Each structure stands twice: as structure tokens, then as C-alpha cells.
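With chain A fixed as given, assemble chain B onto it according to the hints.
Listed below are the residues making up each chain.
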Amino acid sequence: MKLLIRGGRVIDPASGYDHIADICVAAGRVVALGQVPADFTPQRVIEAAGLVVAPGLVDLAARLREPGLEHKATLESEMHAAAAGGVTALAIPPDTDPPLDEPGLVEMLKFRARNLPGPRVYPVGALTPGLRGEGITEMSELTEAGCVAFSQADAPLTDTQVLMRAMQYAATFGYPLWLRPQDPHLARNGIAHEGAMAGTLGLVGIPVVAETLAIGAMLQLMRVTGARVHLCRLSSAAGLALVRAGKAEGLPLTCDVAAHHLHLTDAELARFDSQAHVVPPLRSEADRAALVAGLADGSIDAVCSDHAPHDDEAKEVPFGESEPGATGVELLLPLTLGWAREAGVELPAALAAVTSRPAGVLGLGLGRLVEGAPADLCVFDPDARWSVTRESLRSQGRNSPFLGRELRGRVRYTVIDGHLDFESAPAA
Amino acid sequence: MTLATEQLSADGRLRHLLTLQGLPREVLHRILDAAAGFVSVGERESKKLPLLRGKTIFNLFFESSTRTRTTFEIAAKRLSADVISLNVATSSQSKGESVLDTVQNLEAMDADLFVVRHAASGAAHFIARHVRPYIAVVNAGDGRHAHPTQGLLDMFTIRQFKGDFAPLAVAIVGDVLHSRVARSEIHALRTLGVRDIRVIAPRTLLPAGVEALGVKVFHDMGAGIRGVDVVMMLRLQNERMKGSLLPSAGEYFKNYGLTPEKLALAAPDAIVMHPGPMNRGVEIDSAVADGPQAVILPQVTFGIAVRMAVMNLLIGEAA
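These protein sequence lines are chains A and B, in that order. Per my numbering, the very first residue in the first sequence carries number 59; after that it's consecutive. Per my numbering, the very first residue in the second sequence carries number 332; after that it's consecutive.
Looking at chain A on its own, in the form it has when it is part of the complex (with noise of 0.2 Å):
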């Protein structure tokens, strides 16, 4: 399909190119930026005036729920929520039913979700077979399979013998580890961030130790295995101080940041709001605040939607006995536009937080606005006032934090691989 979007703020955030400006689509590239050819012929065309348009987003962290998990969410329903999002690569954590950790599995996704529209979907695969801590996955098989990095996601890896191996095994490859920081034991049974609030609730603590613990272990492992991290969902100001003298040191160190994280703390758990029940947990102001500085500051790599569909069920319990998490592939673009409202940060440098920098991280030169590149590209009103209802959601998981509250920013095209896969109309 050939498409012309015209008269839209174009904005490339790696090379910071920012201009009102015309892009010719065709044969899945960016075949013009600025200059429209004479002999080009769109078949459509976006009128994109008043609108930004940038690359598509690129979400580290988005649970399809396939396989085994269909009553929560399918491919489906979260791809075209994705699209719907401005998502146009995203990165699957292994935490399915049965975990990914086998390549049939991988292979079984990656083709599933080829046949459907939505982004680019890029499997991890799990570190440990079954996600059980116990011995390590067929990394090159899985690798071939399409898996981009390995990962335990949220579930424990208490073995620091199996971790050690696991790093000295990938690095030998050169693959990547995600891993999300939290010491299995001193998270044991804990729902809440370890402070006033759980401590007045009721509530088992998780303590902000529980991170640094486990941070400092993983930042003494990569010396010694020279393994590539990526450490996933960084909750405190105390873990963020561990990464940056980590990266200071020059250690092969990325991270991530759930967007839920720059906005709320725990006392979004006031009232026992299950919908607040996410891992690692809501933590203070002061971290809350340490994370948004960090992220503008570039010590953290990218925010991610840490997207976590859920079927009522799920959450319609008392607060303990939820399951943590919440849908987010949809709100990734508005809760990046706020958090970047609040550090002051400009529209180039926001969006590079969920473009350019993720795919930096995956590696894969995705990311990018420039004539040549795949396109990915989202086109969005910066200032479109929604409200966040069960309605206003396409995902299948209606179970979110931000329930009820108005965002600013909503997408009105997605082009993936050179396909319109999104469109919607402005509200009336």
C-alpha cells in the first residue's frame, strides 16, 4: 500500500529531526521524508495536520496471554490493542502457559501472530525450563526460534548457582538476560511496598532491599560472566542509584521502568484497590519521583507498559488474593506524555524513551523515522483529552489503575510494516 501522511509534525527522536513534513510509505519503508516524489501515487492519504507523527512505539514488556492463557486475552484482542496503542514492536515476556521454553512454542507464536495484524512481536524466552529456577533452556535453539533475550519474568530464580550458569552460558553466545531485580526471600509472600501504608493496611512487605539485594548480586555476576542485562522494572530511587554506579563502571547494563511507576505510589492502595496490585509493588513518592528524574536523565533505558491483561476474576477478589498486574499496551503513549510533562522533557526526548531507546535495547535498528527505515509509525494528537473506562479499552483485560482518570494523548494511526493496521476517528 502506498500512503501519503501529510502535513504532520515528524519527529525522528534519535537524530532529533523535528519538522512539519510530508512521508511517502510504500513496500513496507519510508521511502520519503520532507520532499514528496512527483511520480508517487498514494493509494491513501493521512491528513496529519495538528498531529505528531513518529516511529512506531516499541514496548519492552507486553503479555499476549497465548498459549494457555486465552481467558484472560488472546493474540487477537491484545495485538489490535497494541496497535491501538501506537505499539509496533513488542517484546513477550515467557511467563505463558506453558512458559516459553521450548522452540516449538516460540515458533508456534511467532507464526500465529504473522497472520494477524498488529506490531512485530518479539518472544523472550524463558531462562530456566518451566520458569522453575532449576537448570537452564536450550538458549540457541530458542534463539533460532526467535527469541530476542531470556528471562525468568516475575517468577523466582532462588538458585544463585543456576543464575551464575545461566549468565556464563549466554554470555557465550553473546545473548541477553532480562531479569527483573527482586531477592526471592525477602519478596516471600509480599504484595505491597514494605512501608507505612502496607504496615497500616496490613499488607505483606516487599522491601526496597529486596531490589537493591538483588541488583547488587546481578551487577557481581556480570563482572565475573561478562554477561549482557537487562534489568527489567525498576521500582526505587535506592536500585536506581545501584544501576547508574553500574553503569558508570561501563558494565553491559540497560533497564526498564513500568510507565504505571513514573505516576503512582502506594497510596493508590488506600482503599485496598486491587487494580493497584502490580510486581514489583507501587513504592513511595520518593521513588516514584527518583524513577521519573531517572528515565529523563537517560539512567533509565526505556519505559515499558509491563502490559498484564487479566480476566475480571482476577481482580474481583480481595486485594491479597489478586493477581498482580495491569493492561497497559494502551496507555503507554499518554502516561509517557505525562511523565514527560512533569521533568520538563520535550516532545523529541519523550518519545525516544519508548521508540529509539527500547529498540536499542532489542537491537534490532527498529525505532527509527528516517527514509529507508520499516514503517513503523505512529500518529497521534498530543493534547486529546480520554477517559481511562472499561469501554474506552480494547484489550480483554479491563483491570487498570488508572480506571476513571482522564490522559492526555491518544493515537489515531498506526502503520506497521507499511500496513494501516489503526485508524480512529477523533472523538465527536
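If you are wondering where the hints come from, they were derived from the structure by calculation, not from laboratory data. Quantities reported herein were computed from a predicted structural model and do not represent experimental measurements. Glycine included, each C-beta is placed from N, C-alpha and C at the ideal position. Take these hints with a grain of salt, some might be off.
Cut-off 20 Å, straight-line C-alpha distance, at most; resulting in silico cross-link-like pairs (SDA-like, lysine to any residue) [unchecked claim]: (1) B/Lys-408 with B/Gly-647; (2) B/Lys-408 with B/Thr-387; (3) B/Lys-547 with B/Asn-586; (4) B/Lys-593 with B/Gly-558; (5) B/Lys-547 with A/Ala-254; (6) B/Lys-573 with A/Val-262; (7) B/Lys-573 with A/Ala-254; (8) B/Lys-408 with B/Arg-375; (9) B/Lys-573 with A/Arg-87; (10) B/Lys-593 with B/Gly-574; (11) A/Lys-305 with A/Val-262; (12) B/Lys-585 with B/Gly-574.
What the simulated footprint calls covered on chain B by chain A, stretch by stretch (three residues with Cβ under 8 Å from a Cβ of chain A suffice, anywhere in the stretch; the number is not a length) [said to hold, decoys possible]: (13) 384 to 390; (14) 469 to 477; (15) 528 to 541.
For chain B alone, coordinates are given in the frame of chain A:
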């Protein structure tokens, strides 16, 4: 809307009793005053009042308990309500029925009041949010969070023996971390104007940020108990006595058990309270538990009156 306002109607009337946190002082006093009127009922020839005749109360215990369930049963029966006690812990929950399903099934049987105990903090709030608007919910203990009727009966006991709250010094001793009783007591004591509230425990048995509740923290029992007017002991669950919270019951008793020697450091007329059931020789010495300063049995008696008052306020004619 906060946890506290959820249990009040727009005109300040009590709709549910879920937590004592944020419950206004006048509401606390209204309950305590009403309870005072019910204390004598137990001493009469006929112990029944017709106040809740025709009302149906379900005791819904997702976590087993004999004592608390019994006192709620007695309170309901003295008010002439029909009361059905369900140990859900051993019936439908084990069949995989959700809390919500259980509650909705009982609603269909025309319940007026649910008395709920559940192992998860916040469970009573969750149920209160989901019941039909004319059904009241009383929290009989949710996880580590709250046990408001126990907190109220403790306040009733203090008022009975000590009168004014404001000048009192009160020490709460033991496993505050796991205790819904301690949290409810602390909220009530603060609301009623007690300025000197102390908690005494090792660091392993205190929640993070406990000072935010408005208490002074002591790790040394001698220092903490010195001069107090009220000593509120907490029960130490068996499973806490081993593992990494405490080395042994014996060492706990040595450091935090209430002995006559330690009690001698409190005010001479200090009273000793315990929510029961007691572990003699673990948190309290028998000489103290059976001694002249103990008011542990009156607590049990007052507990019935307080629960009558709560039920009558929630679903009685005056409600």
C-alpha cells in the same frame, strides 16, 4: 472516599463496621454508650431483648475461629435475631467457590447482616463493596488489618475501669506485625484522645513505619511499661514462635512475657488486658493472668455487649 467513610452513610450513620481507622470519636462513644446499656442484659433472668426479631444474621467465617464466632452468635441471639454460622473455611471455599459467589448466594437467602472473618487484609471492605445496599457488614477480623469489635470492647473495658482516656498511658505488647487487634486498638486509642500510646516488641514483630500509626516504639519492655495505666498484651501465634522471627517461646517470654516483676514497673493500679486465647508462660505469666490487675474475663463479657450494640446500631429499628 477513604476506608473510614465507606462505612458511614452521607448523614454520618454507621452502615458497616469495617475498621476503626478514621471512625469519628462520637461514633465510637455512641457504640460504647449503647454497649453500656446492654451489659446488664446478661445478668437478667431472661437474657433476650426483642430488638432484632425477624432479622437474619450470617456469621461468615472464611478463617476458622471458635471464640469470636461464639460471642457474635450469643450477641445476635440476645437480640432475638436468627443467626446462622457458616464455617466457609471448611465448606464452599474448598470447593473452589469465590468469596463473591458465597456472599451472593447468602444474599439470596435474605440476609440482613454479615459478620465476616477472612485471612486476607481488606476482605471485609471487599465484601461490603459488593453486597446489596441494605445489607450491613461487620468485620470480625481481616488478615492483619483490622478487628474493630475487639478494639471497641477493649476501649469499653478501659473506659469502664479507667474513665477518661486523655490522661492515660497505654502499652501494647507483643506481635504487632501480625496483629489486626493491635491496629484497631491503636486507631481507637488515638481517636479517643490517648496521647501516650506505646508498642513494645522486638524489631521482627513490628511493621515497617509503625510510628506512622502514632505510637512510640520500645524494644525494652521495662522501659516501655514504666508508669503505664493500661497494659494490652497480644497473642503470639504458635507459628511465630519458631522460624526466623523469634528463636523460641522461652526467649520471647524472657524478654517480653508479662511477669509480676515487669508489671510492678507500671502504675500501681494498671490494668492488664488480653484478647485471648492466652498462651500462659509465653506472653503472660499465670500469676498476672489470674491476678487482681487482670481484666481479661470482663473483656469477654463486655465483648458480647459491644457486639450487641454494633449489630443493633447497624440493623436495629433505630438504624
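To see whether the hints hold, each was checked on the structure:
With a C-alpha separation of about 13 Å, the suggested pair B/Lys-408 and B/Gly-647 falls inside the 20 Å cut-off, and the hint holds. Between the alpha carbons of B/Lys-408 and B/Thr-387 the distance comes to roughly 10 Å, so the proposed pair stays at or under 20 Å and holds. The suggested pairing of B/Lys-547 with B/Asn-586 holds, with an alpha-carbon distance near 18 Å, which does not exceed 20 Å. Distance restraint check for B/Lys-593 and B/Gly-558: the Cα-Cα separation of roughly 11 Å lies within the 20 Å cut-off, and the hinted pair is therefore satisfied.
Distance restraint check for B/Lys-547 and A/Ala-254: the Cα-Cα separation of roughly 14 Å lies within the 20 Å cut-off, and the hinted pair is therefore satisfied. A hinted pair counts as satisfied when its Cα atoms are at most 20 Å apart, and B/Lys-573 with A/Val-262 qualifies at roughly 19 Å. Proposed proximity of B/Lys-573 and A/Ala-254 is contradicted: the alpha carbons are some 26 Å apart, above 20 Å. With a C-alpha separation of about 15 Å, the suggested pairing of B/Lys-408 with B/Arg-375 holds against the 20 Å cut-off.
A threshold of 20 Å between alpha carbons decides the hint, and for B/Lys-573 with A/Arg-87 the separation of about 65 Å lies outside it, so the pair is violated. Taking the CA atoms of B/Lys-593 and B/Gly-574, the gap is near 27 Å; set against the 20 Å cutoff, the hint is violated. Restraint check for A/Lys-305 and A/Val-262: not satisfied, since their Cα atoms lie roughly 32 Å apart, outside the 20 Å limit. For the hint linking B/Lys-585 to B/Gly-574, the alpha-carbon distance of about 18 Å falls within 20 Å, and the restraint holds.
Here the region 384 to 390 of chain B counts 0 residues with a CB under 8 Å from a CB of chain A, which misses the bar of 3, and the coverage is violated. Only residues whose C-beta sits within less than 8 Å of a C-beta in chain A count toward coverage, and the region 469 to 477 of chain B has 5 of them, enough to reach three; the restraint holds. Using a Cβ-Cβ cut-off of 8 Å, 4 residues of the region 528 to 541 of chain B lie near chain A, which meets the minimum of three, so the contact claim holds.
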